[in-house]
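**Student:** With the hints as constraints, model all of the structure from the sequences given.
These protein sequence lines map, in sequence, to chains S and Z. Using our numbering, you'd call the opening residue of the first sequence number 91 and step up by one each time. Using our numbering, you'd call the opening residue of the second sequence number 81 and step up by one each time.
No lab work stands behind these hints, which were simulated from the structure alone. Glycine residues also receive a C-beta, built at the ideal position from the N, C-alpha and C atoms. Keep in mind that a hint or two might mislead.
Claimed, not checked - What follows is a set of in silico ranges between Cβ atoms, one per label pair, in the way DEER data are often shown:
1. S:Asn580 to Z:Thr173: 48 to 54 Å
2. Z:Glu183 to S:Ser161: 47 to 53 Å
3. Z:Phe166 to S:Val857: 17 to 23 Å
4. S:Leu115 to Z:Glu183: 36 to 42 Å
5. Z:Asp145 to S:Thr666: 32 to 38 Å
6. Z:Asp145 to S:Phe647: 37 to 43 Å
7. Z:Glu183 to S:Val830: 18 to 24 Å
8. Z:Phe86 to S:Ala111: 54 to 60 Å
9. S:Leu682 to Z:Tyr103: 45 to 51 Å
10. Z:Ala141 to S:Thr826: 20 to 26 Å
11. S:Val699 to Z:Thr173: 53 to 59 Å
12. S:Leu644 to Z:Ala141: 50 to 56 Å
What the hints assert, rightly or not - Covered by chain S, according to a simulated footprint, are these stretches of chain Z (three or more residues, beta-carbon under 8 Å):
13. 108-121
14. 148-158
15. 198-209
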Amino acid sequence: MVPNIDASIALVAIAPLVAAALAPLLHRYTRPFSGWLLALIPAAIFAFLVSLAPQVLAEGAISARIGWVPSLGLDLSFYVDGLSLTFATTISGIGALIIVYSGGYLRGHEHLGRFMAFLLGFMGAMLGLVLADNMLALFVFWELTAVTSFLLIGFDAVRQSARRGAIQALVITNIGGMALLVGVLLVQQITGQWELSALRGIEDGMRGHGLYGLVLACFLLAAFTKSAQFPLHFWLPNAMEAPTPVSAFLHSATMVQAGVYLLARITPWMGGTAIWMTLLVCFGAVTLLWGALAAFKQTDLKQMLAQSTIASLGLLVLLIGLGSETAIAGVIIYFVAHALYKAGLFMVVGAIDHESGTRDITALGGLADRMPVTFIAAGLGALGMVGLPPTIAFFAKEEMYLGLLAPQWQDITVLVVLVAGNALLAAIGALVAIKPFLGAEVATPKSAHEAPIAMLVGPVLLGGISIVAALLLGDFGHYVLEPGAGAILNETVKSHLTWMIDPTNPVLWMSVATWGLAFWAYRQAAMLRTLMRRFATGLGFTADDLFDRAMFGLIRFAGALTRLLHHGRLEVYLGTAFAMLALALMLPLFALGGIHALLPTADLGNWGVRLNWPPLAPHEWGVFGLALIGLLVIVISRKRLYSILALGIQGTAVALIFLIFGAPDLAFTQFMVEILSVVILALVMTRLSLEDEDPRPFEDWARDGILALVCGTGVALLLMVVLTGDLDTRLSDFFTATSVPIAHGHNIVNVILVDYRGFDTLGEISVLMAAGIAIMALLSSRGRKASASVKTVDSPTPPVAPVAPVAPVAPVEPAPARRPRRRKAAS
Amino acid sequence: MNTVIFRTIAPLIVATMLVFSIYVCLRGHNEPGGGFIGGLIAASAIAVLGMASSAAQARKALYFDPLSIAGFGVLLAGLTGLVSVFNNSPFMTSIWLYLELGEATVPLSTPLLFDIGVYLVVFGTISSIALGLESNEGEEP
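**Tutor:** Below, the structure is given as structure tokens:
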């Protein structure tokens with residue numbers, strides 16, 4: 091055994107992510123073999139996970155934890171029980187084959203290294219998701235799968251449909267991700283537990299709690315978006331824009347099964363209630379039938395499989411909703427069986443597409459002679475999808491029918507739905523595997539020939555495993571079914587899988603009925619397709635269109651909001667800012683009674699007598715006079731340049747006041763700021779080619795003047811109020827006392843700036859720098875503005891790109907009408 | 081602005097201001113001054129130079145792009161804060177080093193380096209704005 095179990099289990103999730111970082115580099119040096127080499131990592135993970143099986147079987151589960159945020163009591167904890175082990179081995183096993191397959195499928199693609207990186211990263215996220223015990227870790231991995239699948243679906247980013255599919259998948263699954271976060275936080279607040287394993291131990295779980303409905307809604311939204319349940323299913327077919335290996339991986343054992351996994355995981359403490367059963371069974375049933383019927387509408391092999399995946403997900407959700415022992419056993423067997431045949435069939439379709447140049451079922455035929463091994467692989471996959479013995483899928487079907495042979499109408503309804511859904515799925519499987527290979531040979535865009543070995547290993551092996559698992563039925567039941575179902579039901583489950591075919595058992599006849607119905611659907615595929623297409627046309631709209639409309643509405647709303655707030659009229663911005671300042675100053679003073687501190691009290695007597703002029707030296711009076719003169723000139727001057735200069739004079743006078751009253755540092759800085767602001771204002775004026783004189787009409791002048799007066803009075807009153815109180819000198823005393831001994835500086839102001847409050851200063855200089863960059867951007871955009879046309883978001887854009895970048899909606903600079911530039915006159 | 085007198089005197093003023101700005105920056109810990117004021121003085125010097133000759137020439141005289149100088153300043157200030165981490169103290173704990181050079185003692189410290197970072201940021205940002213405004217329409221600001 092590995093010495094440190096905690097670290098090695100964490101490594102299962104982390105190793106693929108590390109490998110993802112190294113994959114492009116590795117690919118550069120081992121070009122033709124990189125697929126085989128990189129597949130070693132998931133293969134090793136698979137082997138390690140399998141080696142854990144005896145321990146899991148003996149102890150029920152393995153817990154592992156490493157410190158994450160110890161100060162918050164958060165651990166990165168993992169939990170390996172039958173359920174997570176089943177999922178994790180399936181993910182890593184199929185992942186290894188997918189990586190080998192990708193090496194063949196995308197051979198020579200310039201971004202194959204990047205593709206491998208995305209694939210491995212996705213796998214790591216997925217493994218982390220199914221192994222995580224801490225719910226926050228689960229959420230993080232959940233979101234990581236969304237991000238990495240976004241990269242994978244949009245891998246062929248030059249095509250708009252690929253980008254759209256990627257964005258749609260990201261948006262839809264992220265809605266669920268947010269719901270999951272809310273649900274996780276709610277559960278933690280209610281129970282105080284971060285760990286899924288701890289929640290299983292709670293008596294009656296969450297079922298009795300008042301917020302059960304809300305928590306359930308959050309988790310169901312998360313699971314239904316991820317697992318593409320009706321009516322949130324539409325992203326899945328669009329995600330088929332991804333290269334086929336991605337579809338084979340995402341839509342067989344991983345991405346879309348995350349929702350199923352979540353539902354299975356929370357069953358012990360959320361499941362079993364009436365509402366749980368009703369919701370899951372109804373949504374699952376509708377999704378099953380909808381997906382299966384929609385599959386007939388398609389002629390694209392990949393789309394047929396995609397729609398059938400939706401149906402299979404519905405089936406799994408339905409079974410989890412039923413929650414009986416046989417249903418849960420059906421979940422485990424069906425998950426494994428589905429992963430095996432669906433991944434295999436996707437790979438087969440990829441091989442057909444790769445070799446013949448098309449995947450349109452009507453344009454394919456008679457490939458069996460040209461691609462015999464692929465045909466065998468397709469046949470193995472179809473055996474599974476039809477659910478024929480000797481594949482493990484046969485037993486999945488048997489198991490799910492078994493619990494429903496009660497004479498209640500609900501059970502009968504579900505049974506009918508299951509038989510119909512299974513039959514339709516079986517027919518789709520047969521179509522995919524038989525139509526392209528048998529019959530008359532049809533000319534294809536490329537002259538078809540056998541796929542390379544890398545693309546055959548996967549489907550053949552998976553089909554083989556499906557049969558081997560069925561042949562070793564006892565072991566499968568003991569090692570996979572019992573611990574898996576036991577983990578979902580939180581009790582010991584005994585496998586009763588057997589090869590004994592009993593003709594008196596009605597379950598067998600259910601299977602036969604399924605096959606019969608499937609055969610009929612297979613024969614009538616063309617009729618069903620016409621029917622479904624007519625139905626879709628009659629319906630007139632799809633959820634897909636709705637999504638586009640919603641996205642466009644969002645963009646339009648954002649544009650309108652931006653135009654409202656970011657209109658680009660500087661005088662309105664400044665007016666608003668100063669009005670708010672006035673409000674902030676005046677409200678506390680008058681509405682909250684701050685002014686009372688300044689009002690003369692009754693015992694002051696004749697206060698007019700007590701007021702007197704401050705004892706100032708003549709030069710000090712001079713300085714005050716200077717400030718006043720500056721102020722007056724600013725107000726009355728009509729020439730802008732005079733105003734700017736007067737502002738400088740007034741500021742300099744203020745700086746002198748600081749100097750006289752003992753704040754040399756402040757004065758020093760104020761001087762420099764005044765000088766620079768005069769220089770910069772003058773420069774701005776010349777650059778903006780402003781008129782010499784301020785052309786403001788009287789009403790604007792009066793409005794601005796009143797605003798200025800109110801702000802100024804407010805500041806003055808505030809300062810006076812502050813001075814009436816006692817100044818708390820603890821802080822300044824501390825600085826005075828310690829600046830020399832501990833900070834080694836006599837200039838307290840500077841010591842505060844660079845030492846005591848150094849962190850603040852660091853922030854301030856970063857802001858200064860950022861402001862500088864922004865100003866430089868403004869300055870350099872001026873030259874280009876004239877030529878660049880400003881687009882508005884209202885311009886009619888084709889509805890295929892819902893997330894087009896929002897065009898700039900407001901001019902970036904407040905310049906009024908441009909006039910011919912005047913050079914600054916030489917003196 | 082481009083009189084002969086101004087153009088002749090400007091380099092002198094600029095040089096004096098630059099030296100003075102460094103002096104102000106360095107003495108800041110004990111006397112009025114510091115990186116912020118020093119940076120403002122130096123930036124004014126560059127603005128004056130830009131007015132006397134041209135923005136392009138002032139840029140050339142600076143050699144480094146002013147915004148890069150500012151960026152370097154932020155980096156320097158941030159990195160000096162990190163020094164103490166290697167000393168097992170929290171971020172931005174000051175470290176002092178008294179260098180004995182014969183009779184004189186030169187105190188060196190991380191706050192000094194930090195202040196120089198502040199100086200560079202203020203200097204770089206303000207002079208890049210000033211030069212950007214001074215440059216003519218045609219040239220890259």
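**Student:** Hint compliance check: list the failing hint numbers for this structure, sorted ascending.
**Tutor:** 3, 4 and 10
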